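Chain A is fixed; fit chain B onto it per the hints.
As you go down the protein sequences, you meet chains A and B in turn.
The first sequence begins at 1 in my numbering and counts up by one.
The second sequence begins at 1 in my numbering and counts up by one.
Heads up, a few of these hints could be off.
Examples of chain A residues lying across from chain B (beta carbon under 7 Å, computed) [what the hints assert, rightly or not]: (1) 8; (2) 10; (3) 12; (4) 68; (5) 75; (6) 77; (7) 78; (8) 81; (9) 82; (10) 98; (11) 101; (12) 102; (13) 109; (14) 110; (15) 145.
Derived pair list, reagent style DSSO-like, types lysine-lysine, alpha-carbon separation capped at 27 Å [what the hints assert, rightly or not]: (16) A:291 to A:240; (17) A:240 to B:171; (18) B:110 to A:170; (19) A:195 to A:180.
Just so you know, these hints were derived from the structure itself, not from any lab.
These figures come from a predicted structure and were not determined experimentally.
For every residue, glycine included, the Cβ atom is placed at its ideal position computed from N, Cα and C.
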Amino acid sequence: MSDYILNPNVLNDDVAQEPIRAGFGRGLKAAGEANSQIVALCADLTESTQVSVFRDAFPERFIQTGIAEQNLVAVASGLAQAGKIPFASSYAAFNPGRNWEQIKATVALNDQPVKIVGGHAGIGVGPDGATHQMLEDIAIMRVLPNMIVVVPGDSLEAEKATRAIAENGKPSYIRLARVKTPIVSTLESPFEVGKAYVLREGYDVSLMGTGVMTYQLLVAAKILAERGINAEVVHVPTIKPLDNDTILASAHRTGRVVTAEEAQVAGGFGGAVAELLSEKLPTPLLRIGMKDRYGESGEPAQLFEHFGLTGPQIADQVEQYVRSTPQYHRQY
Amino acid sequence: MGGKLTLTQLRHKANDLREDVIQMLEAAGSGHSAGALGLADIFAALYFNIMNFNPQDPNWADRDVFFLSNGHTVPIQYAAMAEAGYFDKAELITLRKLGSRLQGHPERVKLPGLENTSGPLGSGLSQAAGYAYALQYLDNQKHRFAYVMMGDGELDEGNIWEAAMFAGKYKLSQLIAFIDRNNIQIDGSTEDVMPLEDLKGKWESFGWHVLEIDGHNIESIIAAVDTAKAITNRPTVIIAHTIPGKGVDFMEYDYKWHGVPPNSEQAKEALQKLRTLDGKITAGEWA
Chain A
1 MSDYILNPNV LNDDVAQEPI RAGFGRGLKA AGEANSQIVA LCADLTESTQ
51 VSVFRDAFPE RFIQTGIAEQ NLVAVASGLA QAGKIPFASS YAAFNPGRNW
101 EQIKATVALN DQPVKIVGGH AGIGVGPDGA THQMLEDIAI MRVLPNMIVV
151 VPGDSLEAEK ATRAIAENGK PSYIRLARVK TPIVSTLESP FEVGKAYVLR
201 EGYDVSLMGT GVMTYQLLVA AKILAERGIN AEVVHVPTIK PLDNDTILAS
251 AHRTGRVVTA EEAQVAGGFG GAVAELLSEK LPTPLLRIGM KDRYGESGEP
301 AQLFEHFGLT GPQIADQVEQ YVRSTPQYHR QY
Chain B
1 MGGKLTLTQL RHKANDLRED VIQMLEAAGS GHSAGALGLA DIFAALYFNI
51 MNFNPQDPNW ADRDVFFLSN GHTVPIQYAA MAEAGYFDKA ELITLRKLGS
101 RLQGHPERVK LPGLENTSGP LGSGLSQAAG YAYALQYLDN QKHRFAYVMM
151 GDGELDEGNI WEAAMFAGKY KLSQLIAFID RNNIQIDGST EDVMPLEDLK
201 GKWESFGWHV LEIDGHNIES IIAAVDTAKA ITNRPTVIIA HTIPGKGVDF
251 MEYDYKWHGV PPNSEQAKEA LQKLRTLDGK ITAGEWA
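Chain B extracted, bound-state conformation:
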């Protein structure tokens, strides 16, 4: 069980996760910066306030489950898992290295605590829906929830809408989905590459309850999940508006940071910004 942090503690934790991500990506020399940084607040809320789990017993029968659908953002999940105690933080810098349990995209069989294998986009919602179906209809476990994180660019995939129809049909109320609405994908803005709007209307028409929040407001994130849990006749999707690269100003809003890591100079600058943000150390130490 991760323990429930306060809002202030969660904001600090989100910053810790961002620092972890920068260090991991710099060490790896490849990987996706923007999405992982943009998701730090949601992952802090999920792993340190919202979800029930036990890092010492990853398959604990009473746990909530989290499925990452946009697998390329997995560094933020690894960071959250390490901070939560699934494994030692020192292992984080093995990301993407030969022999590491921290594969470039998540592989369940490699790392206890992962619930799925993903990377090819579009199938995580289906996997979470399958689990939620089992909770609701086969095992009658009403106190557990299946969470899934999707990217917005990922919504181009037809598989997502197959799953959206499925979850709507079966009213999978223990399925709580997040969309990381950061408006970027590899080739540019989502609305240029393949427009997603009216996104809220699309999901509502598929039978979902839709919430829209500021994905960096931890209080809103927690409140949205509370609302989702109270909606018992439909699945809920939380459209979380996020800033890609959030917390590192030279990465923010820039789609070019989708698929690249910081070099050592950039990492140093990013860490300085992150560490001074909360006054944890003085800028002078890094100058």
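This is chain A alone, in the form it adopts within the complex:
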């Protein structure tokens, strides 16, 4: 059933890696080439968000707002009313962390096609520490009516996702990680807003990941296979709208679900899956991610290890979960 085209090299030590934001930079430039109404705004972080790629190609369509995230998004709302498709970029800690109310009233309720770009999200931002590690963005963005929430899994997918939300006509949030991330997909792999993808079929447990965690789940699934546990891996790059059909079908096949995200599980991706399963197909669920605590300074790899988010650590957690939790099967 899984016809998803994985990078054949994904589980090798020499897998190609690239920061997800690099894909966003390329995608924004390509979107700008395809549509002259696209404009980009940035709050004094143009290089590190990779909006610089668009700025260099289309300087007349780039708007520097300074360190003023409330103004960033409300100006974008006004530009959208004038017919533009604005990408409003900063770090996720400030955008949507600082300006959530402006996003709610002037973009989401106002139903303007402003694209909120949250760079350097998650604990992967590393040494900058807890103030800059945005962990609550998935939760606060997915509760907004009208808002689309996309969390790409690698740079190739970020490029496709950026182009897709550029043309979707809706308020949208794209969450981008800073760290170099293994390339999971290929240029030919599908991406559609609102779709989840089964990357690996299995029947003992469904491992569902968003963003950079999908790679860790593929690593975990390989380790679990060596221990006699056949895990399905589902990549969920769109948190809202959630691909209910794919998630429920997988949960139905395996009878056990694990979610993984480098964000707060409360209200986050894990929260979204918990809501879905408890209403439609109550299935045992293990949520992996940040649990009601902040991050701290450290190198990204150290932090992933510290918070139990690496593939081998996840494999251990899942093995214990599978051995202690009966599969739940029910018609739905």
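Same frame as chain A, but now just chain B:
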């Protein structure tokens, strides 16, 4: 296109808008009286003399745009829009009622002719600045203008000053801002709650051209906008000194009328005062 009324006609129109507001707020049973009444003269001038628009084609490509930042004063905008022909005046009394297009604070997607959604204070200037930026730098439409109305209490918000810096930096000369300088906010006088003066100096230091007018003198309002249009290297802010509750003497100057509507007795009294003011009917009809 709204058509350009004469000064005398505009004064009558402002009074009509005040009557509309009293009737709307009484019917709604909640809402903000003082600010809406204080803005009647400016809205009469904007919608019946200054701005170009077409009520039959709210998204007309050549229109001027108006952004309300202090969204709680929206009854006066609804009244102006209805009087201008965007919708039937009978709809005005649906204000704040379930299912109405006239939400308690303005929602663009609900009512054609609104350019923005506002209510949480401080973001309307940014929205207007974004539109003005598009006019000036992206679409080269020099004949159109983006207007925005801000309250004075609203200037406590940091977002306003972010937008003021932005508009100053980009010299958004097609952005024409009004400040409703009525000196009240919910908790009292603006200068007690959080002093705004030197208000003119603040805006000048942010790179704006600043005009100060009597916000009830329609001739001054129109002249100020003409001046603003002639200033082509800076945005202009018009500090319009207004009397909260203007036109209804028992509401005037009293901050307690900021966030409450008149009851039926008070509405009757207010309408009587407004209607006799211009001698349109005799007081006897209401006695």
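Verification of the hints:
1. The beta carbon of residue 8 (chain A) is not positioned within 7 Å of any beta carbon in chain B (closest approach about 44 Å), and the interface hint is therefore violated.
2. About 42 Å separates the beta-carbon of residue 10 (chain A) from the nearest beta-carbon of chain B, more than 7 Å, and the hint is not met.
3. A hinted interface residue such as residue 12 (chain A) counts as satisfied when its beta carbon comes closer than 7 Å to some beta carbon of chain B; here the least separation is about 47 Å, so the hint is violated.
4. Interface hint at residue 68 (chain A): satisfied, since its Cβ lies 4 Å from the closest Cβ of chain B, which is below the 7 Å cut-off.
5. About 4 Å separates the beta-carbon of residue 75 (chain A) from the nearest beta-carbon of chain B, less than 7 Å, and the hint is met.
6. The restraint placing residue 77 (chain A) at the interface with chain B holds, with a minimum CB-CB distance near 5 Å, inside the 7 Å limit.
7. A hinted interface residue such as residue 78 (chain A) counts as satisfied when its beta carbon comes closer than 7 Å to some beta carbon of chain B; here the least separation is about 2 Å, so the hint holds.
8. Taking 7 Å as the C-beta cut-off, the interface hint given for residue 81 (chain A) holds, the closest approach to chain B being about 6 Å.
9. Contact between residue 82 (chain A) and chain B, as hinted, is supported at the beta carbon level, the nearest pair being about 4 Å apart and thus within 7 Å.
10. Evaluation of the residue 98 (chain A) hint against chain B yields a violated restraint, the C-beta minimum of about 10 Å exceeding 7 Å.
11. Satisfaction of the interface hint for residue 101 (chain A) is found here, the shortest Cβ-Cβ separation to chain B being roughly 5 Å, below the 7 Å cut-off.
12. With a cut of 7 Å, the hint placing residue 102 (chain A) at the interface with chain B holds, because the nearest CB-to-CB distance is about 5 Å.
13. Taken as an interface hint, residue 109 (chain A) checks out: its beta carbon lies about 5 Å from the nearest beta carbon of chain B, inside 7 Å.
14. Checking residue 110 (chain A) against chain B: minimum C-beta separation of about 4 Å stays under 7 Å; hint holds.
15. A distance limit of 7 Å between C-beta atoms decides the matter here; for residue 145 (chain A) the minimum to chain B is near 11 Å, and the interface restraint is violated.
16. Distance restraint check for residue 291 (chain A) and residue 240 (chain A): the Cα-Cα separation of roughly 21 Å lies within the 27 Å cut-off, and the hinted pair is therefore satisfied.
17. Between residue 240 (chain A) and residue 171 (chain B) the CA atoms are separated by roughly 39 Å; this puts the pair beyond 27 Å, and the hint is violated.
18. A threshold of 27 Å between alpha carbons decides the hint, and for residue 110 (chain B) with residue 170 (chain A) the separation of about 17 Å falls inside it, so the pair holds.
19. Pair hint residue 195 (chain A) plus residue 180 (chain A) holds up; C-alpha atoms about 24 Å apart against a cutoff of 27 Å.
The structure fails hints 1, 2, 3, 10, 15, 17 (numbered hints given earlier, in ascending order).
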